[in-house]
Structure formats: structure tokens, C-alpha cells
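**Q** Chains as they are written, first to last, in this note's numbering: chain A, 1 to 337; chain B, 1 to 337.
Heads up, some of the hints might be wrong.
Capping the alpha-carbon separation at 30 Å, the derived lysine-lysine pairs in BS3-like fashion look like this [as the list claims (entries may be wrong)]:
(1) B/Lys-61 / A/Lys-143
(2) A/Lys-168 / A/Lys-143
(3) A/Lys-179 / A/Lys-61
(4) B/Lys-179 / B/Lys-321
(5) A/Lys-168 / A/Lys-179
(6) A/Lys-61 / B/Lys-143
On the chain B side, residues computed to face chain A include the following (Cβ under 10 Å) [to be verified]:
(7) Tyr-59
(8) Lys-61
(9) Val-70
(10) Leu-244
(11) Pro-254
(12) Pro-257
(13) Leu-259
(14) Ala-267
Just a few of them, taken from the derived set where beta-carbon distance is under 10 Å, the chain B residues facing chain A [as the list claims (entries may be wrong)]:
(15) Gly-222
(16) Val-224
(17) Asn-265
(18) Asp-276
(19) Gly-324
Hints listed in this document are in silico derivations from the structure and should not be mistaken for laboratory results. Beta carbons: idealized from backbone N, C-alpha and C, even for Gly.
Number of protein chains: 2
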Amino acid sequence: MTNRQIRLQRRPSGAPTPDDFAIVDSPAPTIEDGHVLRRTIYLSLDPYMRGRMNDARSYAKPVALGDVMVGGTVSEVVESRHPSFKAGDFVVGMDGWQQWASSAPTGLQRLDPTVAPISTALGVLGMPGLTAYVGLLDIGLAKSGETVVVSAASGAVGAVVGQLARLKGCRAVGVAGSKDKCDYVTRDLGFDAAVSHRDPALRAALSAACPDGVDVYFENVGGVVLEAVMGLLNRGARIPLCGLVSQYNVRPLPPGPNLIPLLTNRARIQGFLVMDHFDRYDAFMREVAPWVRSGELRYREDIVEGLDAAPQAFIGMLEGKNFGKLLVRISPDPTRQ
Amino acid sequence: MTNRQIRLQRRPSGAPTPDDFAIVDSPAPTIEDGHVLRRTIYLSLDPYMRGRMNDARSYAKPVALGDVMVGGTVSEVVESRHPSFKAGDFVVGMDGWQQWASSAPTGLQRLDPTVAPISTALGVLGMPGLTAYVGLLDIGLAKSGETVVVSAASGAVGAVVGQLARLKGCRAVGVAGSKDKCDYVTRDLGFDAAVSHRDPALRAALSAACPDGVDVYFENVGGVVLEAVMGLLNRGARIPLCGLVSQYNVRPLPPGPNLIPLLTNRARIQGFLVMDHFDRYDAFMREVAPWVRSGELRYREDIVEGLDAAPQAFIGMLEGKNFGKLLVRISPDPTRQ
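Just chain A, same shape as in the assembly (with noise of 0.2 Å):
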């Protein structure tokens, strides 16, 4: 028995290759007292990755050559010496990207298969859910009655920020990268408008959907997105920074927007990371899971089958080409038919 692992072999230059990564077969692990072993289900792909990828100072350590690439996974588990967690178990943790895990279980989190599909602990009501959470409602102080505009609005973040909005009362107006992504921010998940990115009067588009101003711009990816919404900022504004992804694979980096805006309006841009606010877990589940449940806020999977997929999968996540939340099935779900 193996355990397939793609490790990473080489730091990109700017946009990654499939070359950075390595396909390795390594032995299965074996179990110890007190471990865990378990089989991966579902591997989350996250633009995150790729900042993990580079060999430079930042909030977390790199991801070293020669190591498994780091990641969100949901598994089942297949043996367990640990007297939390018996076989059969669904669990989330950090396995990575790779077929096989055993560990003590720090980190694990035992999930209830029959509250919400389990691969949705990686996406809407996971760290991408908790990050909209965090980000649209402590950090950025939506309010009702405010304008909310979300950039990658159809991605794993931005479509729960755009419909926690409204669920808050806020008109939210999405941005993405496609007609077929804006018509589904609006027409599937309610969105007030959706604008495209690549429209060259993204502006003048913008404003329009934004009659009144902007109050909140929760910031995903930077670039001209955030340059439009500089213009359009409202006294007191708020931008939530959450990711800047379309910066990721740039070298060397480029400018960012002229701040005159941030002082005539007094705004302002705040980075978070949602690893800092773990502790509103339980308060974001309280109130986000049921309407998960109900169907007041909906999400979107895009699930490519195996792990041989990871890499062609996350480079073209980071060119804007999934279609709601990025997993990858590395073994099958016995909880779906």
C-alpha cells in the first residue's frame, strides 16, 4: 500500500508549473499508540497556497522543497489508537495534499456527516466561511442599510460575504471574473448586482451598481478592483483585506492604489487573517449553519477528481478559472451516492 503525496520540488518564478510540484509514492504510514490514521476524502485548494509556496518571511513558515504541500482536508477515519476518534470517523484537519495521514490528532475536528455535507468544512461553513464571517462582519462592520461589494464574488469566500450581506440587511454587489459567474452571484445566490473585472468600464460599471456609495469593499484580489472602488468609497468606509490574489504570482510586486481617497473619506484598509479569530468559530456556526441548512445561503463546489488534479487545478485557481469552491476528491465520499 502507497501513499501518494505531491510534494513541492522547486518555488515558482511568478504563475506555478506542474514541475513544481512532485508526484511521489511514498509508503502508507504506519499507526502508533495514540494516532490516528486516516484516509483523505477531500482536499481544499486555496490561493493561500501559493504565498507557501515562496521562500519568504510571512505569517506562516513556507512550506519547505521536498515537503507535502500544505492543506485543508477532510478524511475518514480508518484506524484509530486514540480514544476520541473511532474508525468511520469523519474528520477535518491540515493532512495536505497526500492519500494517506497518521498523526496524534491535534488539529482534528470530529465532523457530524448528517448536520451539512462534510466536504462543506472545507468551504461554506469552514475557513473560507469563517473568513467571510470574520472579515464582512468584525473587521469590516457591515451594517444594514450599507453598500457591500465583494471581489472573486462567486469564489469560496466572496459568495458567502456577498449573501451574508444580505442576510444582514447590506445591498451587495458582487464582482467576478465572467458573465456566467455574475449571473449566478445574482441569480442564484441574490446578489443586488455583479459587475465583471475585465469589463473596460469597470468604473462607470461599478458606480452604477453602487448608487449609493461603497461602505464596505471586502478585498480579495486587488488590482483595478480596488482602484474602481477607491473612487467610489463613502465617508467612513471600510476594506476588509483578505486576499490579493491576483498579486500572488507577480514579481516584482506592483504599486497599490493612490490612498488620497482613504483620508478625504476617512476609511480604511485593514488586513486580517482568519487564523487570528478562531475564537468566532462557534458564533459563526450558530448563526450561519442553519441557514446553510434552510438554503438561505447556498454555495457552489467545484470538485476535480483525483490527486494527480491538485496541481493543474490550483494553477488554474489562481488565474481565476474554478467555478465556486476548489476541492479535490483524492478517495471516494461514502456519504454521497
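Given chain A's structure and the hints, the job is docking chain B onto it.
**A** Positioned in the frame of chain A, the structure of chain B alone reads:
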């Protein structure tokens, strides 16, 4: 008797020139019932005035073409037909670039010349001092033990920021435009270090001056200083955005810094305007006035003589030519011999 005034004659494109201003001898104002007639002693020159010369939507109305330039003033009451004021009173107000004014005393505040020199009502104990206080403490949330960097460090606002930071137990690092100004803030004002923004190795010099990184950057100028600071931010750093004077004459507006350091450091840039914080004036005076009287908080004035000198002094200020709080003495100060 005439009232010499300086009016906005033309909207500047780029740096203002003397021809943008008109020096006009108008009839002196006459006093009406309920009004207070006063003679201007000091006119304050401040960077915000450059913004008012543009015909652009901003936080305050532009000065209309042909109108007297806006500005804070300290004056002596010559005749009063209002019960709250009497001849000989000193008042601070917004009478603008002119020798005389008469109006109902809305917005006029009486000054006690025994508390501090009356000119300080335009500087260390006036709007610039309050700007420093609010920006450092309410927006920047500076705490003892932190490192505070301030640009335009020898200016009216910056000098107070650095000294307040020291008085609050912070490390204070100034950025200024000449060796004289750097020497002044370290030797005379007690800053821990100072760096010239003309230093070609600015980033390295700033890094050496901030061995523990930067927790608060009080931003007055923009451009290369902000770029350099962005690479030195600590986790949770705050950047109160008070001004961007290096850009006020520049069109098109230059880009800003890349924002990835805000993300990785969970840091923020927050614009503010002192006019939103006048409710902090009493607390500011209670805390800061005693330090000014005791000499623990020092200030420097750069006084030019005569209203006619105001345009050139203002033009020079935007290039960093002043050294200390820039004032125009329009008529003799009877409290100074």
C-alpha cells in the same frame, strides 16, 4: 482704511505659483450689531489649503475663485458689539488670508495669553497639536514600548507626534527632509532617531532606526517613506493617514504602496481628519498644555512677516522649505516685545 486680502485668482495645476493668488486692497469691514471686529495677527499656513484650491469633490468645499483664501487665524478684537467679547480680547478663528474681519463670533474662541503664547493656538495647542494627539492615540493606538515613526517630523504635526510618543513611553523615530531637521528632532525634541527621506538608503536607515520594527507610522507625506515603512511593519501595525503632502501638487495622482504587508501583518491604514475629532479638544488641552508650559513638549515656529509674503511661504511649505510651524505675522503681536 483698507483690508488687504489674498484671494484665489486661479486654480493651480500642479504646484501653485504666485499668479494663482491675487493681492487685493478691499475696503475695511464695518461692524454691525452682534458682530465682532478684529485685526488679524497670525495666519496659519497648512498643507490642507492646497486641497481647497482644487475644484474637486472632497471633505470640504473648495475656495471659490475670487474668494479670500481659507485659513486659521489669531486676532485681536478691536471693537465688539457682542456681549461675549470686548476690545483687546485675543481670539482664534478661521478669518483667512486677510488683515481684518467682522462677523458674528460663531466659531471664534477667546485665548488667554497668560496660558501660552497666542501663536500656539495655531500650532502646538491648536489644530496641528490636536491632529497629532488624535492621530497618535485614537487612530494609531500607540502604546508604551512600541515604535512610532512619523514623517514631516519637524513640522507642526510631526514634532508633536514624536514628543507625545516619547511622553507615552514609545520609541520615536522621525523622518525629515534635511540634516538640520533631523538634528533638531533628535537633539531639541528628544526623538530617539531620525532619518532623512532624501537618504538614498532610506529603507536601510529606517530599518536600523527601528530595530524592533514599526508599530505605528504616522503618515504625513506619502511616497518613498510609506514604501520604506511598509517593509518594516510589525504584526497589528497601525498607519494613521493624516496627510500625503508629497502628492498634493502631483497629477495624475501617483500609485500607492503594494498592500501585501498589510495582509501578512494584519495591519491597517486609516485616514482621519481632525475636524471629526473636535470633541477631543478638552482632553487634549488638559493633557498637553501642561507639557507645553513645563517645556517637556517643545515647539518651533517659522514666522514670515506680512500678508504679502504668504503665497511664497505657502508654496515653499509644500516643498518642505519651512522649518517648524509656518505662520504669517500680519500685524504686530502685542503680547511679544
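**Q** A closest beta-carbon separation below 10 Å is what the hint needs, so does B/Asp-276 meet it against chain A?
**A** 6 Å, holds
**Q** If you take the shortest Cβ to Cβ gap from B/Asn-265 to chain A, is it below 10 Å?
**A** 7 Å, holds
**Q** Double-check B/Leu-244 for me: the hint is only fine if its C-beta lies closer than 10 Å to a C-beta in chain A.
**A** At 6 Å from the nearest chain A Cβ, B/Leu-244 passes the 10 Å test, so the hint holds.
**Q** Does B/Val-70 pass the interface check with chain A, least Cβ-Cβ distance below 10 Å?
**A** 16 Å, violated
**Q** Can the hint on B/Tyr-59 be confirmed by a CB-to-CB distance to chain A that is less than 10 Å?
**A** 5 Å, holds
**Q** Next pair to validate is A/Lys-168 with A/Lys-179; report whether the Cα-Cα distance is within 30 Å.
**A** Within the cut-off at roughly 26 Å; holds.
**Q** When the nearest CB of chain A is found for B/Leu-259, is that gap smaller than 10 Å?
**A** At about 5 Å, which falls below the 10 Å cut-off, the nearest Cβ of chain A leaves the hint on B/Leu-259 intact, so it holds.
**Q** Take a quick look at whether B/Lys-179 and B/Lys-321 sit within 30 Å of each other, Cα to Cα.
**A** 13 Å, holds
**Q** Would the hint on B/Gly-222 stand, with a C-beta cut-off of 10 Å toward chain A?
**A** Result: holds, 7 Å to nearest chain A Cβ.
**Q** Take the C-alpha atoms of A/Lys-61 and B/Lys-143, compute the straight-line distance between them, and say whether it is at most 30 Å.
**A** Since the Cα atoms of A/Lys-61 and B/Lys-143 sit roughly 28 Å apart, the hinted pair holds (cutoff 30 Å).
**Q** Need the status of pair A/Lys-168, A/Lys-143: alpha-carbon distance at most 30 Å?
**A** 7 Å, holds
**Q** Classify the hint on B/Gly-324 as holds or violated, based on whether any CB of chain A lies nearer than 10 Å to its CB.
**A** 23 Å, violated
Hint compliance for this structure: hints 3, 8, 9, 16, 19 are not met, and every other hint is.
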